[in-house]
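Peer 1: Make a model of the complete structure from these sequences and hints.
For the sequence shown, counting from 1, position 222 maps to 222 in UniProt numbering; every step adds exactly one.
Worth flagging that the hints you see were computed from the coordinates, not collected in a lab.
Quick caveat, the model's predicted, so the values are computed rather than measured.
Some hints could be false.
To be verified - Below, a list of computed lysine-lysine pairs in the BS3-like style, where the Cα atoms sit at most 25 Å apart:
#1 LYS258 to LYS384
#2 LYS118 to LYS145
#3 LYS219 to LYS270
#4 LYS328 to LYS383
#5 LYS201 to LYS270
#6 LYS127 to LYS102
#7 LYS270 to LYS145
#8 LYS81 to LYS221
#9 LYS384 to LYS374
#10 LYS328 to LYS352
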Amino acid sequence: MLTVLRAYGAFRGPSISARTLHFLGDKLTPATLISSTSAHFKDPKDLPYQPLRRQLSSSTPDSASRNRNRRPHHLSNLDPKLVQLSDLLDISDRTLVSLQIKWTDKPTTVARQRIAYKSSGGGNTDKIYHRFPPGTRGFLYFHRKPGRESNILAGEIRFRVVGSSDLNLPAQELFANGHDLQNYEGHTPWRIYLARLFLAKTHEGILDILVRQGLVTPKQKAEGRRLALETRNPKALNRGRILEDITDPFVISLPLTKAHLTILQNDAIKLFPLQMLLWREQPPSDKPQSEPPREYKGHALVRLELADIPKTMGKKGQGPELVLRILKLLDHPGSNGTTFHLPDIGDFIRTKGGAIRSWNLDTARRYLAPSCMKTLEEGYSLKKSV
Numbered sequence: 001m002l003t004v005l006r007a008y009g010a011f012r013g014p015s016i017s018a019r020t021l022h023f024l025g026d027k028l029t030p031a032t033l034i035s036s037t038s039a040h041f042k043d044p045k046d047l048p049y050q051p052l053r054r055q056l057s058s059s060t061p062d063s064a065s066r067n068r069n070r071r072p073h074h075l076s077n078l079d080p081k082l083v084q085l086s087d088l089l090d091i092s093d094r095t096l097v098s099l100q101i102k103w104t105d106k107p108t109t110v111a112r113q114r115i116a117y118k119s120s121g122g123g124n125t126d127k128i129y130h131r132f133p134p135g136t137r138g139f140l141y142f143h144r145k146p147g148r149e150s151n152i153l154a155g156e157i158r159f160r161v162v163g164s165s166d167l168n169l170p171a172q173e174l175f176a177n178g179h180d181l182q183n184y185e186g187h188t189p190w191r192i193y194l195a196r197l198f199l200a201k202t203h204e205g206i207l208d209i210l211v212r213q214g215l216v217t218p219k220q221k222a223e224g225r226r227l228a229l230e231t232r233n234p235k236a237l238n239r240g241r242i243l244e245d246i247t248d249p250f251v252i253s254l255p256l257t258k259a260h261l262t263i264l265q266n267d268a269i270k271l272f273p274l275q276m277l278l279w280r281e282q283p284p285s286d287k288p289q290s291e292p293p294r295e296y297k298g299h300a301l302v303r304l305e306l307a308d309i310p311k312t313m314g315k316k317g318q319g320p321e322l323v324l325r326i327l328k329l330l331d332h333p334g335s336n337g338t339t340f341h342l343p344d345i346g347d348f349i350r351t352k353g354g355a356i357r358s359w360n361l362d363t364a365r366r367y368l369a370p371s372c373m374k375t376l377e378e379g380y381s382l383k384k385s386v
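Peer 2: Now the structure itself:
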């Protein structure tokens, strides 16, 4: 309000003193201000308040919700085997969630950590934070797939959503009955990758909890941070296409013009380029094609494989090539409401010209670690032997 009054004073001349402005700021209502301005005075919406938009992605919260958004949650446990009711967090409809790291024997440690559901836009002033969904009540916890303990970079922070009707249950049972929060698109769990924690100093407190609880060793923390900082493109770790294992399925949006796939190895972080990917539905072979194939636009679950594919004109050599197999179309209906159908065994991602998108083994080895290639070749050999 004082800003508006000062602007008004500047427009009208120096006849209103700063002391008077302070007095008026306490006495005048917004309605009074609007009715007293001239026709040439700028509406408040035209004043430089644009950075405020970065906080909102849906309806404006009331004052109680805004106050709750500013209030930090205390966090001292990320081990799913040790959850207690005191670890329960309610982050419903929040944009940025502040976490105050607390220990039982130590009041506070580092500065507050902040987590977000999803952000979009450019720089700080244009960034928009999307709210966590209503009913997001549960536990932050560390998740690692069995058998990947040796991979320094493997693991992620997830959020376990619990049912409001189960709140009278013991914490362990409450956790077991819950489900993982899904990401903004709704196709994969919401998560913060461990590799991203190594890279971002703003998550130092979360790393401290993981080390203190023995979920990550101090040596793994030091080595993981070194690998994250030495990767060719550290910013890739802030994007969602990250694989802990070369055979892990992952979600892409088709058509895809250009992106990077980040593969986390125990001793390196590899980046694999993805360019010009799409898929068109082919009509059944027993029916004549009366119109061009429909191009699929939506999310698809895919996986890297080695496969024998027909050689296109000008391609030499024999043997398997690296391909992307579509396992599932996640947005089945097209824009006209009709459904897309995959073949029973799935199909391969293709180029704009309709050929199967593939990379020969020499090209694949330029981007993938030897251990990745070995895993792919073993999987290919198993399929050939069946």
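Peer 1: Each hint needs a verdict: does it hold in this structure or not?
Peer 2: Structure-based check of all given hints:
{"no.": "1", "hint": "LYS258 to LYS384", "verdict": "violated (32 Å)"}
{"no.": "2", "hint": "LYS118 to LYS145", "verdict": "holds (24 Å)"}
{"no.": "3", "hint": "LYS219 to LYS270", "verdict": "holds (21 Å)"}
{"no.": "4", "hint": "LYS328 to LYS383", "verdict": "holds (20 Å)"}
{"no.": "5", "hint": "LYS201 to LYS270", "verdict": "holds (22 Å)"}
{"no.": "6", "hint": "LYS127 to LYS102", "verdict": "violated (29 Å)"}
{"no.": "7", "hint": "LYS270 to LYS145", "verdict": "holds (20 Å)"}
{"no.": "8", "hint": "LYS81 to LYS221", "verdict": "holds (21 Å)"}
{"no.": "9", "hint": "LYS384 to LYS374", "verdict": "holds (15 Å)"}
{"no.": "10", "hint": "LYS328 to LYS352", "verdict": "holds (20 Å)"}
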